[in-house]
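Engineer: Here are the chains, one letter per residue:
There are 2 protein chains.
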Amino acid sequence: MNLQRVGEDRLLAQILPRLPRGRKVIAGAGDDCAVVDLDGQRKLSLLKTDCVVAGVHFSAKADAESVGWKAMARTLSDFAAMSGVPQFALVTLIAPRATKVAWVKKLYRGLNKAAQKFGVTIVGGETSSTRGPVVVSVSAIGFVEKNRCVSRAGGRVGDALFVTGRLGASIRGRHLRFIPRITESRWLTKNFSIHAMMDLSDGLGADLPRMARASKVGFRIEMKTLPLAPGAKINNAVSDGEDYELLFAISPRHRTRLEKSWRKEFPRVALTFIGRFSQTSTRNSQLSGGYVHFQ
Amino acid sequence: MNLQRVGEDRLLAQILPRLPRGRKVIAGAGDDCAVVDLDGQRKLSLLKTDCVVAGVHFSAKADAESVGWKAMARTLSDFAAMSGVPQFALVTLIAPRATKVAWVKKLYRGLNKAAQKFGVTIVGGETSSTRGPVVVSVSAIGFVEKNRCVSRAGGRVGDALFVTGRLGASIRGRHLRFIPRITESRWLTKNFSIHAMMDLSDGLGADLPRMARASKVGFRIEMKTLPLAPGAKINNAVSDGEDYELLFAISPRHRTRLEKSWRKEFPRVALTFIGRFSQTSTRNSQLSGGYVHFQ
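Chain order of the listed sequences is A and B.
Count along the first sequence from 1, then add 981; that gives the number in this note's numbering.
Count along the second sequence from 1, then add 981; that gives the number in this note's numbering.
Just chain A, with the same shape it has in the complex:
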């Protein structure tokens, strides 16, 4: 059995529960960030690492500054998913010896631009050579107040489901310049009780079932209401991935107040009600295989 056949979710499920967990670990692998209680204070620490690989996450033709932006923004997007505040980042660049120094400088300009926009300091840089494609790995640490940490697991039957922004067709360019939804996510937990949240990286069709599974509920989605990015059809919004928008669950009682105050606070970012969490059903539990058409 190789990695292609088993799939990332199943592989991690096989490996990760076997890893011993200390008592300070609130949430380990499986949620967007790892959550640890480093000091027993009011704040939890969040840890996250992510990477981009040439030929997988960006093409050889992509502008180096955009690649750097994306590498940092992907990691920061997972802080948004938990309503966290990222603070420090470490960067590992794995690149062939023939890589131009000018390219690396532009890469760092992009990394730093994304970091600075969200108050993050890059505190370490490693480089390694490779005979393969360029890899940029970004790890970050930050915090979230204990009463504002949102995992994937708190959704309840009846919750209203929302997504930010517009979905699909990210490959046309948005995947290299998206804005991690940190500001929006911090605003949400400051003003509302958010039951469950995540960032959409693998597409709604893969990610929503993950959140539903973590919350032990099912879901019903109005496919026609999905907010489509320019050039995207419903299928793209479901399956393309790399949207880096927020998906979250909130009590239906707060729906109207949320929609109203969101429009006021973020007039240029769409917020769309896409459906509800429901009772777990056989039908929904069959959607657990990753990229799925779930009309």
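Note that these hints are calculated values from the structure, not bench results.
Do not rely on the hints blindly, as some may be mistaken.
For lysine-lysine, the following BS3-like pairs were computed, each having C-alpha atoms within a straight-line distance of at most 27 Å [stated by the list, open to error]:
{"#": "1", "chain 1": "A", "residue 1": "Lys1241", "chain 2": "A", "residue 2": "Lys1171"}
{"#": "2", "chain 1": "A", "residue 1": "Lys1098", "chain 2": "A", "residue 2": "Lys1245"}
{"#": "3", "chain 1": "B", "residue 1": "Lys1127", "chain 2": "A", "residue 2": "Lys1024"}
{"#": "4", "chain 1": "A", "residue 1": "Lys1086", "chain 2": "A", "residue 2": "Lys1042"}
{"#": "5", "chain 1": "B", "residue 1": "Lys1098", "chain 2": "B", "residue 2": "Lys1042"}
{"#": "6", "chain 1": "A", "residue 1": "Lys1127", "chain 2": "B", "residue 2": "Lys1024"}
{"#": "7", "chain 1": "B", "residue 1": "Lys1098", "chain 2": "B", "residue 2": "Lys1087"}
{"#": "8", "chain 1": "A", "residue 1": "Lys1024", "chain 2": "B", "residue 2": "Lys1024"}
{"#": "9", "chain 1": "A", "residue 1": "Lys1205", "chain 2": "A", "residue 2": "Lys1024"}
Got chain A; can you put chain B on it based on the hints?
Structural biologist: Same frame as chain A, now just chain B:
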């Protein structure tokens, strides 16, 4: 100009000082770990990321468990370098789709073995596909008490220089099973005032000049006294790299007490006096180019 010609030290020197540093950052890129003051308490937080790349840090034939051990141990060795206590680790595995699941499980067994030996919990795992060689990236966070944090920069003229273990010929197998010197390093700062310390990853000939430069001193080494690993000659001890032993500077007044109590505490780990920090001289400042013969 490409990466091969410019070299890692010069590249990082070009890029990293331009990265803005927050006030909470005690030591950024350039030392073994990044050091940040997260909470203004008695402890500093240490952050470190490192990676291993197939074809560079291990051969395709290497046992997966050893590869996992090495990937974790390299990162932990940088905590030893600053007398830190690692606590949590994140792992990113970048592997071709054809990689066997059994190989990945063995890799994680090695990662976890090294983590557990030093009380570290693996709290996150990411995977990505690649068309290139396997990359395993490990980030870790930990702490060090403010009065026990040792950087590379505190060395003084006249300090005695010591190395742990034996150097050279690591490629014969030691590079896959070395023990990060965390226990020894913690013992050192508990019992002695260590002025400067680092772990030897690129070979004494590259690393000692770095420490001397950071401390703004020169050095004089007795080449004949270098502790040689089986099969190693002096040149190997200077230039091979991947020793992961500690190099540290201590006041010459404490030399005798150190040697005596070390033998009692660590009877199976060599500790060797190799020379002294001296006044900066033209001759020494010419050694700054990386892998050098400095007889």
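Engineer: Taking the earlier hints as the rules, which of them does this structure contradict?
Structural biologist: 9
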